[in-house]
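Following the hints, put chain X in place on chain H, whose structure we already have.
Number of protein chains: 2
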Amino acid sequence: MLVVGDKAAVVLLSGGLDSATTLAMARKAGFRCYALSFDYGQRHKSELEAAAVVARAGGAHEHRVVALGMGFIGGSALTDRALSVPQAPTVGIPITYVPARNTVFLAVALGWAEVLGTQDLFIGVNAVDYSGYPDCRPEYLAAFEGLANLATKAGVEGARFHVHAPLLHLTKAEIIKAGMELGVDYGLTLSCYAPNETGRPCRVCDACRLRAKGFAEAGVADPALI
Amino acid sequence: MLVVGDKAAVVLLSGGLDSATTLAMARKAGFRCYALSFDYGQRHKSELEAAAVVARAGGAHEHRVVALGMGFIGGSALTDRALSVPQAPTVGIPITYVPARNTVFLAVALGWAEVLGTQDLFIGVNAVDYSGYPDCRPEYLAAFEGLANLATKAGVEGARFHVHAPLLHLTKAEIIKAGMELGVDYGLTLSCYAPNETGRPCRVCDACRLRAKGFAEAGVADPALI
Numbered sequence: 001m002l003v004v005g006d007k008a009a010v011v012l013l014s015g016g017l018d019s020a021t022t023l024a025m026a027r028k029a030g031f032r033c034y035a036l037s038f039d040y041g042q043r044h045k046s047e048l049e050a051a052a053v054v055a056r057a058g059g060a061h062e063h064r065v066v067a068l069g070m071g072f073i074g075g076s077a078l079t080d081r082a083l084s085v086p087q088a089p090t091v092g093i094p095i096t097y098v099p100a101r102n103t104v105f106l107a108v109a110l111g112w113a114e115v116l117g118t119q120d121l122f123i124g125v126n127a128v129d130y131s132g133y134p135d136c137r138p139e140y141l142a143a144f145e146g147l148a149n150l151a152t153k154a155g156v157e158g159a160r161f162h163v164h165a166p167l168l169h170l171t172k173a174e175i176i177k178a179g180m181e182l183g184v185d186y187g188l189t190l191s192c193y194a195p196n197e198t199g200r201p202c203r204v205c206d207a208c209r210l211r212a213k214g215f216a217e218a219g220v221a222d223p224a225l226i
Numbered sequence: 001m002l003v004v005g006d007k008a009a010v011v012l013l014s015g016g017l018d019s020a021t022t023l024a025m026a027r028k029a030g031f032r033c034y035a036l037s038f039d040y041g042q043r044h045k046s047e048l049e050a051a052a053v054v055a056r057a058g059g060a061h062e063h064r065v066v067a068l069g070m071g072f073i074g075g076s077a078l079t080d081r082a083l084s085v086p087q088a089p090t091v092g093i094p095i096t097y098v099p100a101r102n103t104v105f106l107a108v109a110l111g112w113a114e115v116l117g118t119q120d121l122f123i124g125v126n127a128v129d130y131s132g133y134p135d136c137r138p139e140y141l142a143a144f145e146g147l148a149n150l151a152t153k154a155g156v157e158g159a160r161f162h163v164h165a166p167l168l169h170l171t172k173a174e175i176i177k178a179g180m181e182l183g184v185d186y187g188l189t190l191s192c193y194a195p196n197e198t199g200r201p202c203r204v205c206d207a208c209r210l211r212a213k214g215f216a217e218a219g220v221a222d223p224a225l226i
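Chains H and X, in that order, give the protein sequences.
Those letters in the first sequence? Residues 1 to 226, by my numbering.
Those letters in the second sequence? Residues 1 to 226, by my numbering.
Bound-form chain H, shown alone:
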């Protein structure tokens, strides 16, 4: 019998809809969850406040926010004040792509996992209704697992890392339905790239549009907009 919380996992948690659902799925699978968020100079700091609330509501065993001073790198509308967040759909890899972001996030998660003595990482990436980011693809995640096995003391000793991406092949509507079955309170989550000063979503950026489409297709109202 699986004892809930018997095995540890590091769960990347942004405070958005996808990672909140991922946390719920990791808990459901019996993992004691160590939630990890990043302050990487993103313009939407409200997402860190949402992450803390989601971690608590989602039963995370521990939640850490890692400050990451890589804002100087620029190159993304999420970290560079000189670039605007698009308010209309874009083609190809969008300007909200943050260079190497998931690689940095997974690398820090890997370090924490190694110290915790676990090889299980969870990330809420999605290859269906995704935004065109290269580091959200299945082949990328498989490559990271291979790297983790080579990079770590645990891997050298024979352990095998697993990057769980339970949302990978779900549509946004399917994610929402699965999360609601698990009791996720989406009213606590924030998906918007450019929320206003009180943390309310803009409703026009890519992330807001994908979320609205998901709730519409799932046939439920978005509790964060009520």
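FYI, nobody ran anything at the bench for these hints, they're computed from the structure.
Please note: incorrect hints may appear among the correct ones.
Copies of the same chain are indistinguishable here, so a pair counts whether it falls within one copy or spans any two.
[Claimed, not checked] Here are the simulated lysine to any residue pairs, SDA-like style, with alpha carbons at most 25 Å apart:
hint, residue 1, residue 2
1, Lys7, Phe72
2, Lys153, Asp39
3, Lys153, Thr171
4, Lys153, Gly71
5, Lys28, Ala165
6, Lys153, Leu210
7, Lys45, Val115
8, Lys153, Pro134
9, Lys7, Leu168
10, Lys213, Pro138
11, Lys177, Leu188
Only chain X this time, still in chain H's reference frame:
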């Protein structure tokens, strides 16, 4: 004809002997060098001061120090004040191993490289006189190149990343000889894991011992000890 500084490269720079030599080799190969250091909670902060001096002396085009708040992870004598830096040789992977360190460093370097529009990264790892770290092995570096090609917008568009590790198969003595030919001033570098308050090396940690052995075998005096 190769125009010096025509192509950019991101060079990981710790302020130690190896990375100072790597920077000199990258410059010699004609790269305009963007040096990258990390403040990751290491107990030897003097290395960041050394990195700044080495970057300037070594002709780096730019030098950035990324603050990385992952000290909470612990698990290494370099970041955890509760653990001591060993003063005698150790067997296997030592306690100074920082979980996933090179993966985090290379991931941030990758993000900067992508914004700079280059696919060239330099890292001063070494598989001969190395300290037993898993993320200093050739197979690890090859895996990171593969990951980088999948992780990035540039990679998706067909670019191929190259992690240059020019010291990989050199002994410490060979590294020192090569560096001296390139005019590296090793008096500016700091290798020690546990320098005293004025930044002087302890002479007994793993890093100090490897360095002393290297200078002895190269048949020259270490200018940092004069």
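Could you figure out if lysine 153 and proline 134 sit no more than 25 Å apart (CA to CA) within one copy, between two copies, both or neither?
Between copies only: 6 Å across, 28 Å inside.
Between lysine 153 and threonine 171, at a C-alpha cutoff of 25 Å, which is it: within one copy, between copies, both, or neither?
between (37 Å within a copy, 23 Å between copies)
Within, between, both or neither, where lysine 7 and leucine 168 count as close if Cα-Cα is 25 Å or less
within (22 Å within a copy, 37 Å between copies)
Between copies, within a copy, both or neither: which fits lysine 153 and aspartate 39 at Cα up to 25 Å?
Answer is between: at 22 Å across copies they meet the 25 Å cutoff, but 27 Å inside does not.
Given a CA cutoff of 25 Å, do lysine 153 and leucine 210 count as a within-copy pair, a between-copy pair, both, or neither?
So lysine 153 and leucine 210 pass the 25 Å test across copies only (21 Å; inside, 40 Å).
Could you place lysine 153 and glycine 71 in one of the four classes (within, between, both, neither) given a Cα distance threshold of 25 Å?
Cα proximity of lysine 153 and glycine 71: across copies only (18 Å, versus 30 Å in one copy).
Same-copy or cross-copy closeness of lysine 7 to phenylalanine 72 [CA-CA at most 25 Å]:
Classified as between: cross-chain Cα gap 20 Å, same-chain 37 Å, threshold 25 Å.
When no copy is named, should lysine 28 and alanine 165 be tagged within, between, both, or neither for a Cα gap of at most 25 Å?
within (14 Å within a copy, 43 Å between copies)
Status of proline 138 relative to lysine 213 across identical chains (alpha carbons, at most 25 Å):
within (23 Å within a copy, 46 Å between copies)
Cα distance capped at 25 Å. Does lysine 45 pair with valine 115 within a copy, between copies, both, or neither?
between (28 Å within a copy, 23 Å between copies)
Classify it for me, lysine 177 with leucine 188: is the Cα-Cα distance of at most 25 Å met within a copy, between copies, both or neither?
within (16 Å within a copy, 60 Å between copies)
Checked against the numbered hints above, the structure breaks none of them.
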